[in-house]
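> The lines below spell out each chain.
2 protein chains.
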Amino acid sequence: MDFETALAEILPMQALLTTVEEKRPYECDGLPAYRAVPRVVVLPESRDQAQAIVKLCGDYGVPIIARGAGTGLSGGALPLEHGCLMSLAKFNRIKHIDPDNRTAVVEPGVRNIAISEAAAAYGLYYAPDPSSQIACSIGGNVAENSGGVHCLKYGLTVHNVIAVEVLTAEGEWLTVGGAALDSPGYDLLAMINGSEGMLGIIMQITVKLLPSPPVARVMLGAFGAVQDAADTVAGVIAAGIIPAGLEMMDQLAIGAAEDFCHAGYPREAAAILLCELDGTTSEVESQLEQVQKIFELHRCSEIRISNTEEERQRFWIGRKSAFPALGRIAPDYYCIDGTIPRRHLGFVLKRIAELSQEYGLLVANVFHAGDGNLHPLIAYDGNEDSQLEAAETIGGKILELCVEVGGTITGEHGVGVEKLNQMCVQFSAPELSAFHAIKDAFDPAALLNPGKAIPTLHRCAEFGAMHVHGGKLPHPELERF
Amino acid sequence: MDFETALAEILPMQALLTTVEEKRPYECDGLPAYRAVPRVVVLPESRDQAQAIVKLCGDYGVPIIARGAGTGLSGGALPLEHGCLMSLAKFNRIKHIDPDNRTAVVEPGVRNIAISEAAAAYGLYYAPDPSSQIACSIGGNVAENSGGVHCLKYGLTVHNVIAVEVLTAEGEWLTVGGAALDSPGYDLLAMINGSEGMLGIIMQITVKLLPSPPVARVMLGAFGAVQDAADTVAGVIAAGIIPAGLEMMDQLAIGAAEDFCHAGYPREAAAILLCELDGTTSEVESQLEQVQKIFELHRCSEIRISNTEEERQRFWIGRKSAFPALGRIAPDYYCIDGTIPRRHLGFVLKRIAELSQEYGLLVANVFHAGDGNLHPLIAYDGNEDSQLEAAETIGGKILELCVEVGGTITGEHGVGVEKLNQMCVQFSAPELSAFHAIKDAFDPAALLNPGKAIPTLHRCAEFGAMHVHGGKLPHPELERF
Numbered sequence: 003m004d005f006e007t008a009l010a011e012i013l014p015m016q017a018l019l020t021t022v023e024e025k026r027p028y029e030c031d032g033l034p035a036y037r038a039v040p041r042v043v044v045l046p047e048s049r050d051q052a053q054a055i056v057k058l059c060g061d062y063g064v065p066i067i068a069r070g071a072g073t074g075l076s077g078g079a080l081p082l083e084h085g086c087l088m089s090l091a092k093f094n095r096i097k098h099i100d101p102d103n104r105t106a107v108v109e110p111g112v113r114n115i116a117i118s119e120a121a122a123a124y125g126l127y128y129a130p131d132p133s134s135q136i137a138c139s140i141g142g143n144v145a146e147n148s149g150g151v152h153c154l155k156y157g158l159t160v161h162n163v164i165a166v167e168v169l170t171a172e173g174e175w176l177t178v179g180g181a182a183l184d185s186p187g188y189d190l191l192a193m194i195n196g197s198e199g200m201l202g203i204i205m206q207i208t209v210k211l212l213p214s215p216p217v218a219r220v221m222l223g224a225f226g227a228v229q230d231a232a233d234t235v236a237g238v239i240a241a242g243i244i245p246a247g248l249e250m251m252d253q254l255a256i257g258a259a260e261d262f263c264h265a266g267y268p269r270e271a272a273a274i275l276l277c278e279l280d281g282t283t284s285e286v287e288s289q290l291e292q293v294q295k296i297f298e299l300h301r302c303s304e305i306r307i308s309n310t311e312e313e314r315q316r317f318w319i320g321r322k323s324a325f326p327a328l329g330r331i332a333p334d335y336y337c338i339d340g341t342i343p344r345r346h347l348g349f350v351l352k353r354i355a356e357l358s359q360e361y362g363l364l365v366a367n368v369f370h371a372g373d374g375n376l377h378p379l380i381a382y383d384g385n386e387d388s389q390l391e392a393a394e395t396i397g398g399k400i401l402e403l404c405v406e407v408g409g410t411i412t413g414e415h416g417v418g419v420e421k422l423n424q425m426c427v428q429f430s431a432p433e434l435s436a437f438h439a440i441k442d443a444f445d446p447a448a449l450l451n452p453g454k455a456i457p458t459l460h461r462c463a464e465f466g467a468m469h470v471h472g473g474k475l476p477h478p479e480l481e482r483f
Numbered sequence: 003m004d005f006e007t008a009l010a011e012i013l014p015m016q017a018l019l020t021t022v023e024e025k026r027p028y029e030c031d032g033l034p035a036y037r038a039v040p041r042v043v044v045l046p047e048s049r050d051q052a053q054a055i056v057k058l059c060g061d062y063g064v065p066i067i068a069r070g071a072g073t074g075l076s077g078g079a080l081p082l083e084h085g086c087l088m089s090l091a092k093f094n095r096i097k098h099i100d101p102d103n104r105t106a107v108v109e110p111g112v113r114n115i116a117i118s119e120a121a122a123a124y125g126l127y128y129a130p131d132p133s134s135q136i137a138c139s140i141g142g143n144v145a146e147n148s149g150g151v152h153c154l155k156y157g158l159t160v161h162n163v164i165a166v167e168v169l170t171a172e173g174e175w176l177t178v179g180g181a182a183l184d185s186p187g188y189d190l191l192a193m194i195n196g197s198e199g200m201l202g203i204i205m206q207i208t209v210k211l212l213p214s215p216p217v218a219r220v221m222l223g224a225f226g227a228v229q230d231a232a233d234t235v236a237g238v239i240a241a242g243i244i245p246a247g248l249e250m251m252d253q254l255a256i257g258a259a260e261d262f263c264h265a266g267y268p269r270e271a272a273a274i275l276l277c278e279l280d281g282t283t284s285e286v287e288s289q290l291e292q293v294q295k296i297f298e299l300h301r302c303s304e305i306r307i308s309n310t311e312e313e314r315q316r317f318w319i320g321r322k323s324a325f326p327a328l329g330r331i332a333p334d335y336y337c338i339d340g341t342i343p344r345r346h347l348g349f350v351l352k353r354i355a356e357l358s359q360e361y362g363l364l365v366a367n368v369f370h371a372g373d374g375n376l377h378p379l380i381a382y383d384g385n386e387d388s389q390l391e392a393a394e395t396i397g398g399k400i401l402e403l404c405v406e407v408g409g410t411i412t413g414e415h416g417v418g419v420e421k422l423n424q425m426c427v428q429f430s431a432p433e434l435s436a437f438h439a440i441k442d443a444f445d446p447a448a449l450l451n452p453g454k455a456i457p458t459l460h461r462c463a464e465f466g467a468m469h470v471h472g473g474k475l476p477h478p479e480l481e482r483f
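If you read the protein sequences in the order shown, they are chains L and U. Numbering (the working numbering) for the first sequence: 3 to 483. Numbering (the working numbering) for the second sequence: 3 to 483.
It should be emphasised that the hints constitute simulated quantities derived from the structure, not laboratory data. Glycine is no exception: its CB is placed at the ideal position from the N, C-alpha and C atoms. Mixed in with the good hints, there may be bad ones.
Claimed, not checked - Stretch-level coverage of chain U by chain L, calculated; a stretch enters the list once three of its residues show a Cβ under 8 Å from a Cβ in chain L: (1) 120–134; (2) 194–203; (3) 442–449.
As the list claims (entries may be wrong) - Label-pair ranges, simulated between beta-carbon atoms: (4) P215/U to E291/L: 16 to 24 Å; (5) T310/L to R306/U: 22 to 30 Å; (6) A463/U to T21/L: 48 to 56 Å; (7) R306/U to E311/L: 38 to 46 Å; (8) G266/L to E312/U: 52 to 60 Å; (9) E406/L to A123/U: 55 to 63 Å; (10) P215/U to K97/L: 50 to 58 Å; (11) H438/U to E356/L: 24 to 32 Å; (12) R301/L to R95/U: 19 to 27 Å; (13) E298/U to E311/L: 30 to 38 Å; (14) S214/U to A272/L: 35 to 43 Å.
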């Protein structure tokens, strides 16, 4: 029996997509520069079906790529042409909310924001908030260890997940983590978070819920120099204040956001900071006072503080729509995700400006300044010769710059296919070997999302001589499968 | 050339111990029920020496057991008779304190408290505080993922370590983690924490430092019923308050502590709670008020609050000396370490009292109530026939009870050799297989502290039919090497 026929015995007709037209919507995720139509798309709706599919893929040696909502930005859910793409969209139930222990047990296809909506009845919410939180699903959040504006104070996905149940490459159910603070055995939970579907398929997640803060207010500060804004960020953190969010936008981003949604940002500013503080009324007031002093110390030219919830939302709207806003001023843009030690913010922003000039492409900066997580948006026109290549070159150089100053090549978007080369810059051969050993331990036949996240040593040896082209699968690992 | 001769080429004479008299002090750690004199003890003092030793052990197929201060309570540093015991005592330098980023880079042999002492100059400290913090070393803390009174609020060792450098089984240097909030690649840092020297030898640690809280005060509450104290613990946490410490002692422990150090605890109480709150003056005052109401709601018969730092220290002295105090009323005691969901505290304490009666051995309870981490101390006389066996039986039953109510078999002491059987209760075969696969990935020749922490499936199959005797190595895995 061939693979497709065997699948048809497990799945109803509408859950098994085999024609190109049906499969096309799954050819890419949120990084559309890379595309591949998979051999087959499956949409299981029961645990038994999912388990049977994984076992079948094992028997037939067909690689399997799990997909949540497809909003990932590094190509983690990019299909393989010879692979089986498994959508987990139908696993969308919130199975249990436990207000006493402040946890929720959810299926992987549940949308990020749906958890907070369901928990609101108990005065609780789920803290990590990727910009795509209306659409992205919690399984994908765990697979990529997603971040968001509020992760500065409340941690990334990995800090808010206490247990995960995965389907292993052998089709076994494996529970990692649990309700207790510590548990015996190797602590594999952090490793599963951010493992991009390469160690197991995430089928159930237990998340922490937090009590909704009684008060949240935002301070918006305008600065005449980027360096002043950067120094302010360092000053706030050094003062021992951990804001709920501390975001920075530069002039290009401010202008684009204003044109798009008229949030009322000061257009003339070289940079603005948005600093959210939450807690009790007295906590927030005392911290606002401290933060205001630090803003003023660094020549902040204008300060506004939200007085109502409606005003707070308005302060954020420009920041939250910065990506689509930039889409209006350039046909295409490339969003970079790197992290640097906060003290190098000013230097790195200056180098980015120089790269922008050198290659003649606009670069807007919108980012999680508080945790040093940069998101330069490189504007380009894909129809103009060589602009995509220039954008990719700038992007690569920015990431290498991040590593150079002691940072990392990703803050919250994952490695996927996008950053395989930069992994060679970040890690040494023994480090990459350790990652491969882990992968082999969980998936000796290399059937779970193979070729993503961890470059081969061979690839790293060639990196530098090699040229990355956008478009169709330039990755030797991906072609191997 | 034989192994010892090869070692002598790497190490000066005084760093290589080969006679039984020299090796005897290393025959056990803080779990003296298990002892073994190792083939050789080495005390390297440079990174090159340590690396050369590991490579030599690999060449000769000699297992290698790393040892810090030897204060571990689960036998994680128990030698193997055919193995090489490597003491890391000479790696005791604090290499760098970075007050801006609030981190310290330290060698593994640095004592836990020495980090806080060195950081005090900057108004900073290292939060996790095992009871043995005067003696225990940070490398061992990482290897066992140690806890302490303040871990309720500030997290276990794993939550306070941001990077670790290990020597791999192949003698390569591997850095795991880094300064950024997230980094690409599998997140192996949590896995290294608590891996009991089985995945790599911890040679350098970067820890987080915290600002010393402006104020810390302790509330001591006396309760006429253990259940009331247990309900109070649940009530405090449910109110959203995270005390810096929340400890419980039962009547037997109170009496022993009073006899030993006259802390002024109310002897007639069935249980006392010690609740430490820290932060700004206004924060602490407002929380003390809330906590007092919760204490009173659960029939607390007496409340005292520390007004001075000296008084705060006095409140803690009885708790901190509870272990030696119990040593005065019984020739031997066996300290159990299990964790349960807080809501089952009352039930589990009742079952422990029943087990105490059934086997005719006193059991005192002193524990980290806030995070549900129990430390029943089973008093026995090793010279009386069968008392050690009875103590071990009670201990085993308590741990199985912990698992039964949804908890775990260890909170902060690790698995070591002590809890190999209980691991069979805690984990399923696929889970244990995942652990073995990880071990194989890092250490295919099984030379790093083999036989600890993770039982073989074969052993688990036999567990139940098997009887554990204290004394000399009852563990088949250990005998294999």
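> Of the hints given before, which are not true for this structure?
1, 5, 9, 10, 11 and 12
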